[in-house]
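Asks: Each chain is listed here by its residues.
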Amino acid sequence: MKKIEATIRPEKLEPVRSALAEIGIMGMTVTEVSGRGKQRGILLQWRAGEYRVEFLPKVKIEVVVLDEDLSRALNAIIRKAKTGERGDGKIFVLPIDNAIRIRTGDEGVNAI
Amino acid sequence: MINAGDTTWILISTALVLLMTPGLALFYGGMVRQKNMLSTIMMSFALLGVIGILWVLYGYTLSFGPDLGGVIGKLDFIGLIGVGQEPSDTYASTVPHLAFMMFQGMFAIITVALWTGGVVERIKFSAFLLFAVLWFTVVYCPVAHWVWGDGGWLAKLGALDFAGGTVVHVNAGMTALALALLLRPRKGFREGQPMEPSNIPLVVLGAGLLWFGWFGFNAGSALTSGGLASSAFVATNISAAAGAVTWMILGWIYRRPSALGVATGAVAGLVAITPAAGFVHPIAGIPIGIVASLIGYYCILWRTKRGIDESLDVWAVHGMGGLWGAIATGIFASAAINSGGADGLLWGGGMQFAKQIAGVAAVGAFAFTATLGLGKLVDRTVGLRVEEHEEVVGLDISQHGERAYGGIIP
Chain D
1 MKKIEATIRP EKLEPVRSAL AEIGIMGMTV TEVSGRGKQR GILLQWRAGE
51 YRVEFLPKVK IEVVVLDEDL SRALNAIIRK AKTGERGDGK IFVLPIDNAI
101 RIRTGDEGVN AI
Chain L
1 MINAGDTTWI LISTALVLLM TPGLALFYGG MVRQKNMLST IMMSFALLGV
51 IGILWVLYGY TLSFGPDLGG VIGKLDFIGL IGVGQEPSDT YASTVPHLAF
101 MMFQGMFAII TVALWTGGVV ERIKFSAFLL FAVLWFTVVY CPVAHWVWGD
151 GGWLAKLGAL DFAGGTVVHV NAGMTALALA LLLRPRKGFR EGQPMEPSNI
201 PLVVLGAGLL WFGWFGFNAG SALTSGGLAS SAFVATNISA AAGAVTWMIL
251 GWIYRRPSAL GVATGAVAGL VAITPAAGFV HPIAGIPIGI VASLIGYYCI
301 LWRTKRGIDE SLDVWAVHGM GGLWGAIATG IFASAAINSG GADGLLWGGG
351 MQFAKQIAGV AAVGAFAFTA TLGLGKLVDR TVGLRVEEHE EVVGLDISQH
401 GERAYGGIIP
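Chains as they are written, first to last, in the numbering used here: chain D, 1 to 112; chain L, 1 to 410.
This is chain D alone, in the form it adopts within the complex (with noise of 0.2 Å):
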């Protein structure tokens, strides 16, 4: 098992999660969160003048798969999320010990 952590455009979000649907996989948390890569933050006003807000709004995807699925939905955000600009944002790929699912008990593959 393995964890996708996305953090991506939020006006990718629904593509994102439509593929990731077609190829099987429904469950995800999403999280509004903010945040910096290489890509600049940006200038808004006060009243006259303007001021630089460093932090982007950006949407994170937690979604836990299983090791065969795993290229495949990686391959179905990036091909979703990608806009080749700076500020596309990044993926992390984390080792899962264990899942349960909460209403039944199951463990491990069962769970996801």
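None of these hints come from the bench; they were simulated from the model. All values reported here derive from a predicted model rather than from experimental measurement. It cannot be assumed that every hint is accurate.
[Stated by the list, open to error] Quick partial rundown of chain D residues pointing at chain L, CB under 8 Å, derived from the structure:
id: 1; residue: E11
id: 2; residue: Q45
id: 3; residue: R47
id: 4; residue: A48
id: 5; residue: G49
id: 6; residue: R52
id: 7; residue: L70
id: 8; residue: F92
[Stated by the list, open to error] Chain D is nowhere near these chain L residues, computed Cβ spacing over 12 Å in every case:
id: 9; residue: A4
id: 10; residue: L11
id: 11; residue: I78
id: 12; residue: I81
id: 13; residue: S126
id: 14; residue: P185
id: 15; residue: V234
id: 16; residue: L260
id: 17; residue: L301
id: 18; residue: T304
id: 19; residue: S339
id: 20; residue: A370
id: 21; residue: I397
id: 22; residue: G406
Heads up, the beta-carbon is just placed ideally off N, CA and C, and yes, glycines get one too.
Chain D is fixed; fit chain L onto it per the hints.
Replies: Just chain L now, with coordinates in the frame of chain D:
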């Protein structure tokens, strides 16, 4: 003789001006960071209580009591003694003295509330209250007497101030600047840390309430309900509109037409028309509003560049806008509009122009220096500024033990 129409209009105007103070609370509250929203709102709202009491106890008589040497009112009306249902002997001869007294009280409240924009996000609430009481007593009441009191020295000089360009706006603007200099900038301000407005829709709502209430402020200052009130009413709306459009265009030239900008522009236009509203032809509201926004915009750029954290631009919008309004009164005033007024520069009244400048200079200098003195006094006794850790956590929690929005459920 009491006139029912006049009395009705003054009572309604009084309520309209009252609404400006909670409007101002929202206008300011939306412009500060979320952790300081309530403390900012609280300053204005607390004054509705504190000044609401002090005004009837002694503020009214210091401002409008029988003249003492042109500088202050005598104590004849202390605790509303002699202020009753019959008209005053001196002011507003067609409305009950009580109505005139309360109408003026609303001006006192919002003037004190106005300068709170300069001290947000760092002033200690107890110090704020103490300073507000001292300032109301030592600065507001005398200045109101100078300009509006029968026998006040600026009134005798002939400086015109229809609804408070000098008494309210120059006074509050210079006070905000002096206090901001005493308090020094908010933590992180000079380092360029963004001080992002927490809720611009609230700012726009507040500006809307101010605009609405300002009809009572300016048209109510006619103290009658007839033609002069209507003229001032129309001038007020024209200037607010001209100010809003001008600021919108300025924002567009430099970057984008912003909601915060258009709301600020409307207020700038309202400020500048205040002293002029009942003395000028309403159409003069157009140049008055346009120039008010130009002045406000560039004064904000200037103070920001200088690293002056007069946080919500009371000096730029109200102080400098009020200064322009007073000067504009000296330019556009016409005795044909208001026989109680005078002819300005446009109609050959050069002396009136000079009197206007004298009035603004006297009040501006007095407010600035008296504030420095009173502010230092409060700083050395109570301490003006919160502790650094209180500022970091925010004044809502450190001063008031509450926060604007709930957090983790429930």
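Asks: Are the hints correct? Go through all of them and say.
Replies: The hints, checked one at a time:
no. : hint : verdict
1   : E11  : 20 Å, violated
2   : Q45  : 5 Å, holds
3   : R47  : 5 Å, holds
4   : A48  : 4 Å, holds
5   : G49  : 5 Å, holds
6   : R52  : 7 Å, holds
7   : L70  : 33 Å, violated
8   : F92  : 25 Å, violated
9   : A4   : 43 Å, holds
10  : L11  : 35 Å, holds
11  : I78  : 42 Å, holds
12  : I81  : 45 Å, holds
13  : S126 : 30 Å, holds
14  : P185 : 14 Å, holds
15  : V234 : 27 Å, holds
16  : L260 : 6 Å, violated
17  : L301 : 5 Å, violated
18  : T304 : 5 Å, violated
19  : S339 : 39 Å, holds
20  : A370 : 28 Å, holds
21  : I397 : 22 Å, holds
22  : G406 : 17 Å, holds
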